[in-house]
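K.L.:
What follows is the residue order along each chain.
Protein chains: 2
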Amino acid sequence: MQQNSNSTCDNEKNGGCGHEGNPGIEKLTGNEFSNIRNVIAVMSGKGGVGKSSITSILACEYRKKGHSVGVLDADITGPSLPKMFGLKSGVRSNGSALFPSISNSGIRVMSLNLLTANEDDPVIWRGPVISGTVKQFWTDVAWGDLDCLFVDLPPGTGDVPLTVMQSLPLNGLIVVSSPQDLAVMIVSKAIKMAQMMNIPILGLVENMSGAVCPHCGEHFELFGPSRGEEIAQKFQIPYIGGLPVDPNFSKLCDQGKIEEYESNLFANFIPENMTQ
Amino acid sequence: MQQNSNSTCDNEKNGGCGHEGNPGIEKLTGNEFSNIRNVIAVMSGKGGVGKSSITSILACEYRKKGHSVGVLDADITGPSLPKMFGLKSGVRSNGSALFPSISNSGIRVMSLNLLTANEDDPVIWRGPVISGTVKQFWTDVAWGDLDCLFVDLPPGTGDVPLTVMQSLPLNGLIVVSSPQDLAVMIVSKAIKMAQMMNIPILGLVENMSGAVCPHCGEHFELFGPSRGEEIAQKFQIPYIGGLPVDPNFSKLCDQGKIEEYESNLFANFIPENMTQ
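Sequence order for the protein chains is A and B. Mind the numbering: the first sequence is residues 1 to 276 in UniProt numbering, read in order. Mind the numbering: the second sequence is residues 1 to 276 in UniProt numbering, read in order.
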């Protein structure tokens with residue numbers, strides 16, 4: 001899908017694809033209601049750097065270019081995507097598969113928060129159950145025909161990132177960082193994990209690259225100087241760009257109107273002629 | 001330890017205490033090298049709202065008042081405490097217990113990042129192994145004589161928060177939130193989980209309560225208006241206070257000098273006459 005990804009994934013059946021990053025571990029097959037051509041996961045290692053924000057922006061930008069897009073919320077115990085897209089619970093089923101909720105612009109979303117009675121009900125589950133749910137979001141959801149499915153991973157390098165890297169036919173990962181040294185250290189863990197699992201890293205995005213003061217209009221470094229290009233260079237991965245903190249963005253997230261946010265962060269990342 | 005906590009924990013032996021939040025599940029006993037009088041966990045549900053920052057500030061404020069303090073980093077796959085305290089790997093052992101690293105001001109810290117060869121080596125473990133490590137940080141670490149041990153939990157409501165709530169003799173939890181609606185929703189999950197597990201919530205802190213522009217000095221709402229008092233009221237828990245984003249704080253964290261940060265966020269929370 002991108003010049004730096006040497007894996008393509010055109011299998012028209014079952015959302016499966018030919019490349020196997022982890023020999024010996026079976027990739028999951030999809031179902032008869034899904035035909036997913038590309039799968040990209042968004043990862044960070046560190047919490048709160050904005051994985052869900054970046055996943056949503058990426059999905060919206062793809063969608064605006066006319067592609068069919070889905071988002072799988074793999075953050076089972078801290079799901080935030082439905083709220084950003086203004087989606088409430090009420091997932092339908094045909095008896096053999098669950099149907100994702102559909103956003104205003106037509107993005108298909110599946111998240112645990114669409115399945116709980118109240119959006120703030122906690123899911124107190126241990127790792128194997130959580131991983132099993134993520135797998136079911138692949139095997140038991142009727143995604144339909146998708147150019148691209150984005151997978152929003154939870155923080156850390158534990159069960160869910162491991163399951164997604166082992167079991168889903170990923171084209172690759174997008175890594176999200178923030179300018180703090182601390183975030184850099186933990187993002188490095190995520191990059192090393194992906195490399196150990198032979199999952200290509202498609203690019204790095206730096207979120208919270210400073211802020212713009214609404215009073216004087218000056219840009220300042222909120223969490224320290226930008227480090228995105230430096231990390232990208234260190235690990236020899238493409239640098240996609242940086243996104244400053246924008247109170248308007250937070251507001252749109254809280255209102256469930258993330259699709260109204262104007263962004264072209266991924267202008268050079270999204271291929272003009274993606275496999276349709 | 002606080003007027004709102006109806007559980008006290010004065011057992012002088014083994015770090016154990018009398019109250020059992022979850023009947024039927026055995027609390028872990030400590031070891032002969034530890035005598036821990038109070039245990040407080042810091043939780044959020046959502047990642048990146050600043051649990052580790054708040055845990056560190058709390059530990060430093062306790063320490064400055066002359067108490068003996070330890071910090072158990074239960075964020076196994078995304079540990080950030082050693083970096084904040086300027087501690088590197090090199091934990092010693094006496095053959096039957098591990099000794100925590102000791103910060104400049106004398107805070108004892110145990111974290112997985114003190115046990116890995118490089119601070120950015122990823123720990124690609126599944127839940128049961130991660131939970132087992134957290135338990136070992138209780139049973140196999142020679143904490144010595146501590147007035148208070150603070151436990152920095154990872155994001156989410158999965159394995160580790162569950163293990164800590166079930167297995168450690170917690171006095172209670174401090175919950176960390178941020179002003180976003182999204183964070184409020186996920187923090188509510190954490191609060192509900194604690195309530196379901198009968199763990200007292202000692203108070204709520206709102207992190208990232210706006211920012212101060214270094215150019216014009218104006219305070220502005222970075223992630224939306226403050227919501228801390230509202231959540232505290234909704235769940236009937238004490239509101240400890242809010243902490244604005246401060247580039248100086250991030251800088252001290254990155255330099256490993258968090259102990260130099262001046263704060264009195266917990267001035268009203270830390271009891272004057274704590275059990276010594």
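No wet-lab data here; the hints were simulated from the structure. Quick caveat, the model's predicted, so the values are computed rather than measured. One or more hints might be untrue.
Copies of one chain are not kept apart here, so a pair can be met inside one copy or by any two copies together.
[As the list claims (entries may be wrong)] In silico DSBU-like cross-links for lysine-lysine, where the CA-CA straight-line distance does not exceed 35 Å: (1) Lys251 with Lys27; (2) Lys135 with Lys27; (3) Lys27 with Lys64; (4) Lys135 with Lys192; (5) Lys88 with Lys234; (6) Lys251 with Lys64; (7) Lys65 with Lys257.
K.L.:
Classify it for me, lysine 88 with lysine 234: is the Cα-Cα distance of at most 35 Å met within a copy, between copies, both or neither?
P.N.:
So lysine 88 and lysine 234 pass the 35 Å test across copies only (22 Å; inside, 41 Å).
K.L.:
Between copies, within a copy, both or neither: which fits lysine 27 and lysine 64 at Cα up to 35 Å?
P.N.:
Within one copy only: 30 Å inside a chain, 53 Å across chains, cut-off 35 Å.
K.L.:
Checking lysine 135 and lysine 27: alpha-carbon separation at most 35 Å within a copy, between copies, both or neither?
P.N.:
Cα proximity of lysine 135 and lysine 27: in one copy and across copies (10 Å, 33 Å).
K.L.:
What label fits lysine 135 with lysine 192 when the C-alpha limit is 35 Å: within, between, both, or neither?
P.N.:
both (23 Å within a copy, 26 Å between copies)
K.L.:
What label fits lysine 65 with lysine 257 when the C-alpha limit is 35 Å: within, between, both, or neither?
P.N.:
Classified as within: same-chain Cα gap 18 Å, cross-chain 47 Å, threshold 35 Å.
K.L.:
Between copies, within a copy, both or neither: which fits lysine 251 and lysine 27 at Cα up to 35 Å?
P.N.:
So lysine 251 and lysine 27 fail the 35 Å test inside a copy (39 Å) and across (43 Å) alike.
K.L.:
Can you tell me if lysine 251 and lysine 64 fall within 35 Å by alpha carbon in one copy, between copies, both or neither?
P.N.:
within (21 Å within a copy, 39 Å between copies)
Going through the hint list in order, the structure does not satisfy hint 1, though it satisfies all others.
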